[in-house]
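Colleague: Chains A, B and C, in that order, give the protein sequences. For the first sequence, position 426 matches number 447 in this note's numbering, and the numbering has no gaps at all. For the second sequence, position 125 matches number 1349 in this note's numbering, and the numbering has no gaps at all. For the third sequence, position 367 matches number 442 in this note's numbering, and the numbering has no gaps at all.
Mixed in with the good hints there might be a few duds.
What the hints assert, rightly or not - Anything over 10 Å on all C-beta distances counts as not near chain A; from chain C, calculated:
1) 80
2) 102
3) 105
4) 107
5) 110
6) 124
7) 125
8) 140
9) 265
10) 391
11) 425
12) 433
13) 511
14) 515
15) 532
As the list claims (entries may be wrong) - Computed from the model, here is a short list of chain A residues facing chain C with C-beta under 7 Å:
16) 87
17) 89
18) 613
19) 619
20) 629
To be clear, the hints were calculated from the coordinates, so they are not data collected in a lab. Source: prediction; values computed, not measured. For each residue, glycine too, the CB sits at the ideal point set by N, CA and C.
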Amino acid sequence: MNLLFLTFLFPLVGFLILAFGRGRISENTAAVVGVGSLGLSFLSAIWVGSQFLLHPPAGGAYSQVLWTWMSVDSFHAPFALRLDGLSLTMMGVITGVGFFIHLFASWYMRGEEGYERFFSYMNLFVASMLFLVLADNLLFLYFGWEGVGLCSYLLIGFYYKDPANGYAARKSFVITRVGDTFMAIGLFLLFRELGTLNIQEILTLAPQHWQVGNATCELAAILLLLGAVGKSAQLPLQTWLPDAMAGPTPVSALIHAATMVTAGVYLIARTHTIFQLAPIALELVGVVGAVTLLIACFSALVQTDIKRILAYSTMSQIGYMFLALGVGAWSAAIFHLMMHAFFKALLFLAAGGVINACHHEQDIFKMGGLRKQLPVAYASFWIGGAALAALPLISAGFYSKDEILWEALASHHMWLLAAGVLGAFLTPIYTFRLIFVAFHGEAKLQAHRGQGVSYWLPLVVLMVLSTFIGALIHPPLANVLPASPGEAGGHGKETLALISGSLSIIGILIAAGLFLGERKLVTAIANTGPARLLRRWWFYAWGFDWLYRWLFEKPFLALVAINRRDLVDFTAGIIPAVARWSHDILSATENGRVRWYAASIAAGAIAVMAAMMLA
Amino acid sequence: MSSSIQTVAEHWSLAVYLGAVGLLCAFMLGVSYLLGGRDWGRAKNEPFESGVSSVGGARLRFSAKFYLIAMFFVIFDVEALFLYVWAVSLREAGWTGYIEAVVFITILLIGLVYLWRIGALDWAPESRRRKMQASKMTHIKEAE
Amino acid sequence: MTLNEQQFIALLPILITGATTVVVMLAIAFARNHWWNATLTVAGLNLALASIILAARVAPQTVTPLLVIDGYSCFYMALILVITLACATLAHAYMEDFAGNREEIYLLLTLAASGAMVLVSSRHMASLFIGLELLSVPIYGMVAYTFRNHRSLEGGIKYMVLSAAASAFLLFGMALLYAHSGTLSFKGLSGQFHMAGLHSPLLVVGALMILIGLGFKLSFAPFHMWTPDVYEGAPAPVGAFLATASKTAVLAVLVRFLLEASAENELAMREAMGVIAFLSILVGNFLALTQTNIKRLLGYSSIAHLGYVLVAVVAANHLESEAVAMYLVTYIATTLGAFGVVALMSDAGRLHDADAIFNYRGLFWRRPYLTAVLTVMMLSLAGIPLTAGFIGKFYVIAAGVDAKLWWLLGALVVGSGVGLYYYLRVVVALYLPEPGMVQHDARLDWGQRAGGIMVLALAAVVLIVGIFPQPIIDLIRDAGITALHLS
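Whole structure, please, built from the sequences with the hints as guidance.
Modeller: Encoded structure:
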């Protein structure tokens, strides 16, 4: 287990090699380094994980002090990694899914300009993400948090020649930064109140320090939630995720589906004690999740861009995770996180295959009939889509989503349950709308089939994991996260499973009815007046961008315009003015004359001594 | 109170000494003023040689070599002083002293060798010597 | 008073450095060959560095009443030898195209190094003075080494004249101390300071005069005036030596004097140092504000940095010597690197060094790695986290907070803020578009030559110390530097 540090060391070294070898190494070398580093990282994660599971360490957690950054007087800053069931799960997802996505990317990005640049960013991302989940300290977690944010920014704007991509990158950066700022304030608050940022110390100190419902604790929890919300694209900071699809598709798969966007879920699960002490904040988590999941579902119904549909589905699935956290079903949230990583990575990679095959066409209505041309992608979409739609029994998504709905019921959160069930009904509709429109019907364009092991292997592996086989993996969370309300079981579980399962099947059937074949009915409905309005409204994701433009951007710009002369800056300008003025006076003394210098020494000496003698 | 008396007691001799110095200066100046002869003239007001007319400027050009040689003399002379001290206490210093003196002399010698090799001891600068040699060669050639 | 074997071993580093001077002198007399003479120097210095391991094993040893070789002096001797080695490598690159005698600079360098080593191991006013002069006199020569450049000559003469004035203060201070106590050893003075304290003006004035004399060499305000002129005039490798070795040795002996002679128990001493630190920080930073000459800028910055480190001395708590050592390590690595880049960009064959910030404009597009090095150095000077400079500053602040020196810490914060401005100005210039004409440039193969490798290694050190400072901290503790407090 002491090889733990290797997991993020390999990607880091890979990043350094790629970053410094830029322009000097061939595509093949870059692919070997970029994918190989992840492979080695994955292997060490497997090794560490098997060690952890075979010989569970005392207390259910293993921590490795890599080095003491500084130890001065009473100040100690050890740099330690901590591995427990939660971080092990995350590590497994990041390195495992990450490895297959890298492998796929080596095929997908072939021939693109900046191939090694792409892999250097990806490696750096994986290193930062591992740093985030392995940190035993909120400060280091924050460091990794910002690291993944940076990589996300760099990769969204990967095709920087198109200004729109740069805009999307900046948008995601700025919006997540809003969340990060709140989170930083939350960390300050925690440090002020508890005097430490070590996660374990916080988790033990918080219950001693605070009563349940303590206002400060609520505030800290809400600030952390805002940070999580920004990173995980939940209401109200969700608007960046669809635009983030401007990046290459493997990026969307890795960062904007499988790993980074779930960091918010991880953060809340990690600091669950604080949320348990703050019932209002916890309730808020569930509400945010429920509202986001519905909003995203409706938006996904009317999108035409294959990646945007998936982006909205990601948003809604993370909504499910937040909902689970909100009802206290910590393990269920993480379980769903893992399943989601499998099937959403699969969907994105398959979408990448489709996009690549269709000469970078992303509009599903321009595709059609791809079923025969791209059988692997078709199969992937079916299996991934089934998991997303939570098709009963055979799909991975069913088990995790059902768990969440059951927990909502068991904890008597009826409104949240209702939202979850509605979402479970809408999800198959938009998912299979995508599949039926893009893969069935008549062929509209000539697709060229992808080949090579790096194309089909990741898809096949993820396909297997997205079926019920994936759901057999049970994350070892028992020691880390508290028991959830519905763990003991109870009646109604089977009924609920039955309802949600049949809703899923009904949803698929509705999608089939609407979008298979001629699509007359759906066109007719869609062209009625109110439906058009609704469609437009949903297409622009409930107009949040517009709302924020009027709520924040315009008033801000107006304020800026009023403050053209900048009063604040005027007062702030006094400081440099004073500095300049002192500089001018002082530099007049540097006149280059030795006699003046000697005199100044003497005068200084006399002044110092006179002052001391008189004092 | 007693401390001030003590201070006075400690410092009265100094005060007397200072007074005596002042008096002596005043006496010498005063006596020469009273007894000395008085002459008036323009040249008398010149600062140089009090009355003897100066010839030429005071700014003579010495060769920089004089300074160099003088400096070498001072350095080696001062360093040789240490050897006098050693010579006086030769027996007391014993073998340790002997070794130290040998080291010292060796360093001095190496310094001398260095000065000799870099041409610091040559009177004429290297460039002029080369010119001289060249002209000598031409003389010889002419003679041939 | 004979020398036994152990004392001889303890003295080896100084002896070997001295012998190196003699051997190099002979070698020059034998054959003037730049590469050969430089290699000999470097070999001798490395030998001296290795002998410190032996010396540290027998430490502490008092050798005659004048010198003591203990962990403290071993640590600083090692630092000084490393600096000298770095400067010798830089000088080799720099002197390549010099028209006059290129080899004598190594003589001066090793002589100054032995002076600095005597200084850090002195425990007596006499050896302090000898060491100081042995350090300073070769530096006058080195500053004026490229004497055809009138700034160099001017700098050398200014430094010599003003140093003499400062030495007068120092000597007078010693005389006063001797007049009061009849002893000149630090330990002997310690008793005097304990007994007499504030009541003896002779003692206080004497100690203050010593502070002034040493403060001149450390370019504390208000004795700092010479610094920019001399730094500007000095050839870049010499500037590096002046900014690092000279400051290190003098500061080390100042701290030893303050601790061993218990002079810092004296409130007046601490107050005076506080005022000096305060002035140095503000004056140094404000003077550098709009400076366009990078060597002058580094000169001003050294005034400010020595002010920072004096804060730790004023704190006079258990962290003092550790903080000073740590700060000096980070400051040395950084300043050597910065001067190193200047030295690599310049060569003595030209009349002027590449010292205008303008000469560095757009360097990134020509020499990306050299630019990276200079960027790291500037960030470290500004004290950005994850560089060595931050660790040093952190130590100083920790010591200052511990002693509750809020007004000095306030000055430190203001100074750092101002510092950020002018350090970043250099960094910005590096990445601007290139101007049309390039006046100065590093050689194409700078990275494969000794000077270039040394500068790259320094950049690595600055980063590693910034990220992973604990080994250095442990080294400083193991060296027994903190033991001075107990004695």
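Colleague: Take the hints in turn and mark each one as holding or not.
Modeller: A quick look at each hint next to the structure:
The claim that residue 80 of chain C lies off the interface holds: its Cβ sits roughly 38 Å from the closest Cβ of chain A, which is beyond the 10 Å cut-off. At roughly 37 Å, the least C-beta separation between residue 102 of chain C and chain A is larger than 10 Å, which holds for a residue marked as non-interface. For residue 105 of chain C, the requirement that its beta carbon stay farther than 10 Å from each beta carbon of chain A is met, with the minimum near 39 Å. Residue 107 of chain C, annotated as away from the interface, keeps every beta carbon of chain A farther than 10 Å; the closest lies near 34 Å.
At roughly 32 Å from the closest C-beta of chain A, the C-beta of residue 110 of chain C stays outside 10 Å, upholding its exclusion from the interface. Every CB of chain A lies more than 10 Å from the CB of residue 124 of chain C, the least distance being 27 Å, so the non-interface label holds. Distance check for residue 125 of chain C against chain A: the nearest CB is about 28 Å away, which clears 10 Å, and the non-interface claim stands. Remark: the non-interface label on residue 140 of chain C is consistent with the geometry, its nearest Cβ contact in chain A lying 29 Å away (cut-off 10 Å).
The non-interface label for residue 265 of chain C is consistent with chain A: the shortest C-beta to C-beta separation is roughly 20 Å, beyond 10 Å. For residue 391 of chain C, the condition that its CB be more than 10 Å from all CB atoms of chain A holds, with the nearest at approximately 15 Å. With a minimum CB-CB distance of about 22 Å to chain A, residue 425 of chain C clears the 10 Å threshold, and the non-interface call stands. Distance check on residue 433 of chain C: its Cβ is at least 19 Å (rounded) from any Cβ of chain A, clearing the 10 Å threshold; non-interface status holds.
With a least CB separation of 26 Å from chain A, residue 511 of chain C remains clear of the 10 Å interface cut-off, as annotated. Its beta-carbon lying about 24 Å from the closest one in chain A, residue 515 of chain C satisfies the requirement of being farther than 10 Å from that chain. Taking the minimum C-beta to C-beta distance to chain A, about 17 Å, the non-interface status of residue 532 of chain C holds against the 10 Å cut. Because the smallest distance between the Cβ of residue 87 of chain A and any Cβ of chain C comes to about 10 Å, over 7 Å, the interface hint for this residue is violated.
The closest approach between the C-beta of residue 89 of chain A and any C-beta of chain C is roughly 5 Å, which is under the 7 Å cut-off, so the hint is satisfied. With 7 Å as the threshold, the beta carbon of residue 613 of chain A comes within range of chain C, its nearest partner Cβ sitting at about 6 Å, so the hint holds. A distance limit of 7 Å between C-beta atoms decides the matter here; for residue 619 of chain A the minimum to chain C is near 5 Å, and the interface restraint holds. Given hint, residue 629 of chain A at the interface with chain C, holds; its Cβ is 5 Å from that chain's nearest Cβ, closer than 7 Å.
Hint 16 from the earlier list is the only one contradicted by this structure; the remaining hints agree with it.
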